[in-house]
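Undergrad: Spelled out from the first residue to the last, the chains are:
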Amino acid sequence: MEKKTENRIRRAFAAKEQVKEQSVNNMILLARTHWNENIRKENIHFSRFLLAQVRYIGWKIWIIELVVTIIPVFILFKFLGWHTITQTTAVFLLCCLTIAISMLCIPFIYRSIYYQMYEIEAATFFSIKKLLLSRIMILSVGELVGIIGVGIVMSYNTPVDFRNSMVCMLFLFGAVWNGVLRLVRKVEMEKLCRYFLAYGFGLLFVMTMLVRFQQHAFDGTFYTEIFLGSCIFLGYGVYQGRLLARWSEDVCCVRA
Amino acid sequence: MELRIEHITKEYKDKLAVDDVSLTITPGVWGLLGANGAGKTTLMKMIAGIMTPTSGKIIYDGISIGALKGSYRDIFGYLPQEFGFYPEFTVKDYLEYVAVLKGLTKSDTKRKIAELLERLSLGDVRKKRIVKLSGGMKRRVGIAQALLNDPEILVLDEPTSGLDPGERIRFRNLLSEFAHDRIVVISTHIVSDVEYIANQNAIMKNGKIIQTGTTESLVKNIIGKVWRCHVSDREAGRLEREVQVVNLKNEPDGTTALRYLADEKKTKDSSLAEPRLEDLYLWLFPQESGVGR
Numbered sequence: 001m002e003k004k005t006e007n008r009i010r011r012a013f014a015a016k017e018q019v020k021e022q023s024v025n026n027m028i029l030l031a032r033t034h035w036n037e038n039i040r041k042e043n044i045h046f047s048r049f050l051l052a053q054v055r056y057i058g059w060k061i062w063i064i065e066l067v068v069t070i071i072p073v074f075i076l077f078k079f080l081g082w083h084t085i086t087q088t089t090a091v092f093l094l095c096c097l098t099i100a101i102s103m104l105c106i107p108f109i110y111r112s113i114y115y116q117m118y119e120i121e122a123a124t125f126f127s128i129k130k131l132l133l134s135r136i137m138i139l140s141v142g143e144l145v146g147i148i149g150v151g152i153v154m155s156y157n158t159p160v161d162f163r164n165s166m167v168c169m170l171f172l173f174g175a176v177w178n179g180v181l182r183l184v185r186k187v188e189m190e191k192l193c194r195y196f197l198a199y200g201f202g203l204l205f206v207m208t209m210l211v212r213f214q215q216h217a218f219d220g221t222f223y224t225e226i227f228l229g230s231c232i233f234l235g236y237g238v239y240q241g242r243l244l245a246r247w248s249e250d251v252c253c254v255r256a
Numbered sequence: 001m002e003l004r005i006e007h008i009t010k011e012y013k014d015k016l017a018v019d020d021v022s023l024t025i026t027p028g029v030w031g032l033l034g035a036n037g038a039g040k041t042t043l044m045k046m047i048a049g050i051m052t053p054t055s056g057k058i059i060y061d062g063i064s065i066g067a068l069k070g071s072y073r074d075i076f077g078y079l080p081q082e083f084g085f086y087p088e089f090t091v092k093d094y095l096e097y098v099a100v101l102k103g104l105t106k107s108d109t110k111r112k113i114a115e116l117l118e119r120l121s122l123g124d125v126r127k128k129r130i131v132k133l134s135g136g137m138k139r140r141v142g143i144a145q146a147l148l149n150d151p152e153i154l155v156l157d158e159p160t161s162g163l164d165p166g167e168r169i170r171f172r173n174l175l176s177e178f179a180h181d182r183i184v185v186i187s188t189h190i191v192s193d194v195e196y197i198a199n200q201n202a203i204m205k206n207g208k209i210i211q212t213g214t215t216e217s218l219v220k221n222i223i224g225k226v227w228r229c230h231v232s233d234r235e236a237g238r239l240e241r242e243v244q245v246v247n248l249k250n251e252p253d254g255t256t257a258l259r260y261l262a263d264e265k266k267t268k269d270s271s272l273a274e275p276r277l278e279d280l281y282l283w284l285f286p287q288e289s290g291v292g293r
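So the sequence lines, in the order shown, correspond to chains A and B. Each residue of the first sequence is one higher than the last, beginning at 1 in my numbering. Each residue of the second sequence is one higher than the last, beginning at 1 in my numbering.
Check before you lean on any hint, since a few could be wrong.
[Said to hold, decoys possible] Not the full set, but computed from the structure, chain A residues with beta-carbon under 7 Å of chain B:
no. : residue
1   : MET27
2   : ILE28
3   : GLU42
4   : ILE44
5   : TYR115
6   : GLN116
7   : ALA123
8   : THR124
Since the hints were derived computationally from the structure, they do not count as laboratory data. The model shown is predicted, which means the values in this text are computed figures rather than measured ones. Cβ atoms here follow ideal geometry from the backbone N, Cα and C, with glycine treated the same way.
Just chain A, same shape as in the assembly (with noise of 0.2 Å):
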């Protein structure tokens, strides 16, 4: 042990006659410093971690993400025809791509569940709740990157106000994933699935009401409102994830 680290260590321990938590706190925090310091290996940074989890698995969630994203807008197109879409089917259709693109995040991460991985993967330095957090950012960037395409395509070849359509999709796009990384926080793995469906097709239902007796949500009328409700999940959404970065930390976090 260096000789600095150990001063300070003693002095924490001659401080006070009686140890207080605060005391109790900083030696473990010192511990904790002389651990990383001294004992620790080169670890990976999370940028690295993440950019190793899109070429294990992003990038069949892109290709799984562009299938589920192109389907229905090639049938709009194909059957529908542009010109039945209005300004309000078009937020309305885009807000329900949103919660369906979302929801494929069910498969990948029961996959660790399915194939019994979670137990190791739980038990490495990055954990199972990090690993999380990497496929989640990895799904809604893909989504995000979609939904926009579809945004664009509609507003060349409809009346749609692109603006508007964007702001609603990013109010929705907000609330679902703010609600995924609380449920990831505070749901026990195992129980993670069912939470998300319940979830999703909570969202579709309020959604469906919405367009039934609030049509005004859909149209423009309330865009100030969302534009401000959607960057208020962007807050509390980087909030989440830096949340659940550092407390992926924690040893214990599958539960029995």
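Position chain B against the provided structure of chain A, taking the given hints into account.
TA: What follows is chain B alone, placed relative to chain A:
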């Protein structure tokens, strides 16, 4: 280096899987023996940090593993009882995937995988999909992934299930070599796996650790209780019903050689035998041989 388990309890809704277990694990090979359902796997999962104890804590070198967080997992290797893999992975893909999860750098990954493939005789199947490998080979891949980060603590849950006798011996030798200055915990109900390589043993029964010690010190408990004799077939049948028979072998001369456990000899010509860990195990878990004592 020391891993201290302090009053660990794990309670499920209707079952107490681990009941107030305390144990100090020092470097060397530790054998965790117990019948199925004794609580070994639950204890292993708690040591691995993938299951939260209901109460108690696990301390590594004076720091709770909860406080060490990722740093603990960084020096930890784990092979679960049910070894899983994604079906599309080849052996090399799988090891690379786990190496990334373990945070290994590219150069370390390459070096370590090459080394482990050779040591575990997996070089020829490195490009084969794991799903197409035999049970023993799959197990070896599992052992390789646990060793990837050169762990200071290695926990193996039933590591030898599916391995043939030759592979078992190679595995034991590998572990003995590896365990120098490290903590290796092997949970098993196959006594011979740990009899020759474990420096220390802990025996679990009904969620509690009932005995700990070296093989020599543990078997001292049954000195004078292990007997051997040669009897007729009929007599062997009677003894099987009355005592705990460890071993039974038909001899060419028509008699049966018996090794049994009893407080006193059951036939005139029975003589005392040197006790082994297997004898102790059957003494403690009579249901394992299907005969009551």
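Undergrad: What are the numbers of the hints the structure violates, in ascending order?
TA: 1
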